[in-house]
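Q: What follows is the residue order along each chain.
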Amino acid sequence: MLVQTTALSKRFKMGEVVVTALDAVDLGVAANAFCLILGPSGSGKSTLLHLLGGLDRATSGGIRVAEENIDTLDENGLARFRRTQVGFVFQSYNLISSMTALENVAFPMQFAAIPARQRKDRALELLTRVGMSDRAHHKPGELSGGQQQRVAVARALVNQPRLILADEPTGNLDTASGESIMELLGQLQREGATVVMVTHDTRLLKFATQQVHLLDGKIVPPPESAALNQE
Amino acid sequence: MKFLDLVRLVFENLGRRKARVGLTAFGVVIGTSAVLVLVSLAIGLQRNANEQLYGIGDLTQIQVYPNYGSEGDIRPYGGGGGGGGGSTATLITNQTLKDFAAIPGVAAVVPRDYFNGGLMMQMDRLEGYGSVIGIGLTNLTDLGLTARVGTTEITKTTVVVGSQVALNFYDPRLRPGQEPPAPPDLMGQTIRIVLIRWNQDGTETRKTIQARVVGVLEESRGEADWSIYLPLEEVTKWNEWALGRRINRDKDGYNQVIVKAADPRATLDITNIIVEMGYQAYTPQSFVEGINSFYLILQIIFGGVGAIALFVAAIGIANTMTMAILERTREIGLMKAIGATNRDVMSIFLGEAAGIGLVGGLGGVLFGWTAGQIINVLALAYLAGQSASQGGPPPSVAVYTPAWLPIFVVVFATLIGLLSGLYPALRAATLVPIQALKYE
Ligand SMILES: Nc1ncnc2c1ncn2[C@@H]1O[C@H](COP(=O)(O)OP(=O)(O)OP(=O)(O)O)[C@@H](O)[C@H]1O
Ligand SMILES: [Mg+2]
Chain A
1 MLVQTTALSK
11 RFKMGEVVVT
21 ALDAVDLGVA
31 ANAFCLILGP
41 SGSGKSTLLH
51 LLGGLDRATS
61 GGIRVAEENI
71 DTLDENGLAR
81 FRRTQVGFVF
91 QSYNLISSMT
101 ALENVAFPMQ
111 FAAIPARQRK
121 DRALELLTRV
131 GMSDRAHHKP
141 GELSGGQQQR
151 VAVARALVNQ
161 PRLILADEPT
171 GNLDTASGES
181 IMELLGQLQR
191 EGATVVMVTH
201 DTRLLKFATQ
211 QVHLLDGKIV
221 PPPESAALNQ
231 E
Chain B
1001 MKFLDLVRLV
1011 FENLGRRKAR
1021 VGLTAFGVVI
1031 GTSAVLVLVS
1041 LAIGLQRNAN
1051 EQLYGIGDLT
1061 QIQVYPNYGS
1071 EGDIRPYGGG
1081 GGGGGGSTAT
1091 LITNQTLKDF
1101 AAIPGVAAVV
1111 PRDYFNGGLM
1121 MQMDRLEGYG
1131 SVIGIGLTNL
1141 TDLGLTARVG
1151 TTEITKTTVV
1161 VGSQVALNFY
1171 DPRLRPGQEP
1181 PAPPDLMGQT
1191 IRIVLIRWNQ
1201 DGTETRKTIQ
1211 ARVVGVLEES
1221 RGEADWSIYL
1231 PLEEVTKWNE
1241 WALGRRINRD
1251 KDGYNQVIVK
1261 AADPRATLDI
1271 TNIIVEMGYQ
1281 AYTPQSFVEG
1291 INSFYLILQI
1301 IFGGVGAIAL
1311 FVAAIGIANT
1321 MTMAILERTR
1331 EIGLMKAIGA
1341 TNRDVMSIFL
1351 GEAAGIGLVG
1361 GLGGVLFGWT
1371 AGQIINVLAL
1381 AYLAGQSASQ
1391 GGPPPSVAVY
1401 TPAWLPIFVV
1411 VFATLIGLLS
1421 GLYPALRAAT
1431 LVPIQALKYE
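Each protein sequence line maps, in turn, to chains A and B. Quick note: the first sequence uses the working numbering, first residue 1, plus one each step. Quick note: the second sequence uses the working numbering, first residue 1001, plus one each step.
Just to be clear, a hint being listed does not mean it is correct.
[Stated by the list, open to error] In silico PhoX-like pairs for lysine-lysine, Cα to Cα no more than 20 angstroms straight-line:
1) A:Lys218 with A:Lys13
2) B:Lys1251 with B:Lys1237
3) B:Lys1207 with B:Lys1251
4) A:Lys218 with A:Lys206
5) B:Lys1438 with A:Lys13
6) B:Lys1438 with A:Lys120
7) B:Lys1018 with A:Lys139
8) B:Lys1260 with B:Lys1098
9) B:Lys1156 with B:Lys1260
Hint data in this document are derived by calculation from the structure and do not stem from the laboratory.
Based on the provided sequences and hints, a complete structural model is requested.
A: Structure follows, in structure tokens:
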């Protein structure tokens, strides 16, 4: 297993009220899997993804990713983990608006202390791969949503992570653009990456090698409709 | 993150918000230029004062006199005729000279004496006066004096005169209304020194000595300008003649000694040691130090006024950075998501704050320096007019900026920026990545 959680729980305290976003989740994701996380709004999908990527800390339970117990890492350890093992793709792209596509893709490599020349070559290579090389010097504001998300995928790949975490990457896109992003992620998985992706869209199950259904912070068996869809 | 990448990123980030960064930096410009101009003004005033003090004397020289104690009897070779000179007196004997020479930092100990009697000088038809100084050295360069013509060496039969001595010669037969002759050129001339002794019975005895002028000194704006220098032994002989008895330096002491320090900074310490030994010692240095400490206080006060302006600017930087961090919370979250450490984030925001300080500091130096030059031109024109009507040399600077000041001011402004950014940067660095990413 590339990812293994044990009794993973996350609770949010909002004053007096405690919201249990994740409740004792045991999840294993094999290396080179394409894992889809599904569930209704508020079921804890994003929360689970954030914990897997070391963007937040669990309230209790353990997470092991790429032979490392990330729940025990300190701040610097987590930063290194995010830098070397994980690539994030967000629903809202999160590109830096003042930087060009090329600069956005190259940006993470600054924190990895890679020389400028190498950064540029690698960023251009990845932009070519996602079909955005002709827009390398455009700023996000000059790109469509689908194009911005391609740039974001390129950025997620830049440090050669073993795990790609995507939170509704197609949520803001029309069907065609969404489809092409999915093709891209599917291709990455076929080339050896492990993808964990959150979505509402059961039509995307055709890309999945594994599906996880959440309800109220717990893993539940797939509902009939979803199971059928996979066949 | 590499340092060069950090610097580039910091300035790119600053460039994204030119208007706000510019306005914030402008506050720093005002603060730093105020510090620069005010401190330069204080330094300029000090230099002016020191220029006016020029000629007060060599700052390495200490005048030492014997301490005649409570009797208040400061007449040399006291009329008592060798009655012991008073038990409380601290005489400067030959041994004392050796003691002075042994004080660390002393370069030379030079005894000197005036002639204690009537004195007149003659040259051709002219008569003159001047203060004759017998000096216990062979070359006046040891006292920091230089010759305008001839030599500074002193021998038995020659004299070296100060630059203004010639002005003291006049024609006694000159009738009223007649044009006075131009001051003579004393160099190479033989002058007659006429010594006058008043006897007990009211008569006077005269003695004439011939001496050739072998050197005229460069103007020093001090006592030397009006003095005629001879060997100490010569003047001692004359004093013995005027006194009618032999002078024993071990019993009578020396009337005056110049102690010369090797380094002006040691002058005050040596003076204090000599005073502790029981002698009277004076140095222009103590006066100059007093003036200097006054101007140092002035510099601190002026610098403090500027520092208040800088403090206000620092609050501006802190405010701008706090705003920036609120606006860029999602960006901070993203940076962390793609692998930035807390230290990276901290460095970026600290760098931006310091960058505002640096830009403001550079602008302030440019602005302040220009303002200083303008003040100089205006003030000097005004002061030159003043001194022309009141006499005295015009000041050469009003505002003086030493090279260290702009460097100091820029570094200081950068540090102020850095400090102002400390709290906002720390907040940015410790944000939980996902909370920052979710921030609206
Ligand atoms: N920072 C937070 N503070 C308080 N409660 C939170 C916080 N983040 C998430 N929650 C709560 O945790 C639960 C799970 O949220 P999460 O964002 O994981 O849901 P989701 O499955 O991603 O939903 P959606 O499909 O709408 O994105 C929700 O009830 C949410 O209100
Ligand atoms: Mg979500």
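Q: A separate judgement is required for each hint: does it hold in the structure or not?
A: Comparing the hints with the structure gives:
A threshold of 20 angstroms between alpha carbons decides the hint, and for A:Lys218 with A:Lys13 the separation of about 18 angstroms falls inside it, so the pair holds. Only pairs whose Cα atoms come within 20 angstroms are accepted, and B:Lys1251 paired with B:Lys1237 is accepted, the gap being roughly 16 angstroms. With a C-alpha separation of about 27 angstroms, the suggested pairing of B:Lys1207 with B:Lys1251 is violated against the 20 angstroms cut-off. With a C-alpha separation of about 23 angstroms, the suggested pairing of A:Lys218 with A:Lys206 is violated against the 20 angstroms cut-off.
Only pairs whose Cα atoms come within 20 angstroms are accepted, and B:Lys1438 paired with A:Lys13 is accepted, the gap being roughly 17 angstroms. A threshold of 20 angstroms between alpha carbons decides the hint, and for B:Lys1438 with A:Lys120 the separation of about 29 angstroms lies outside it, so the pair is violated. Restraint check for B:Lys1018 and A:Lys139: the C-alpha separation of about 18 angstroms stays at or below 20 angstroms, so the hint holds. Simply put, B:Lys1260 and B:Lys1098 have alpha-carbon atoms about 13 angstroms apart, close enough for the 20 angstroms limit, and the pair holds.
Distance hint between B:Lys1156 and B:Lys1260 is unfulfilled; the C-alpha atoms sit about 24 angstroms from each other, more than 20 angstroms.
Against the hints set out earlier in the document, violations occur for numbers 3, 4, 6 and 9.
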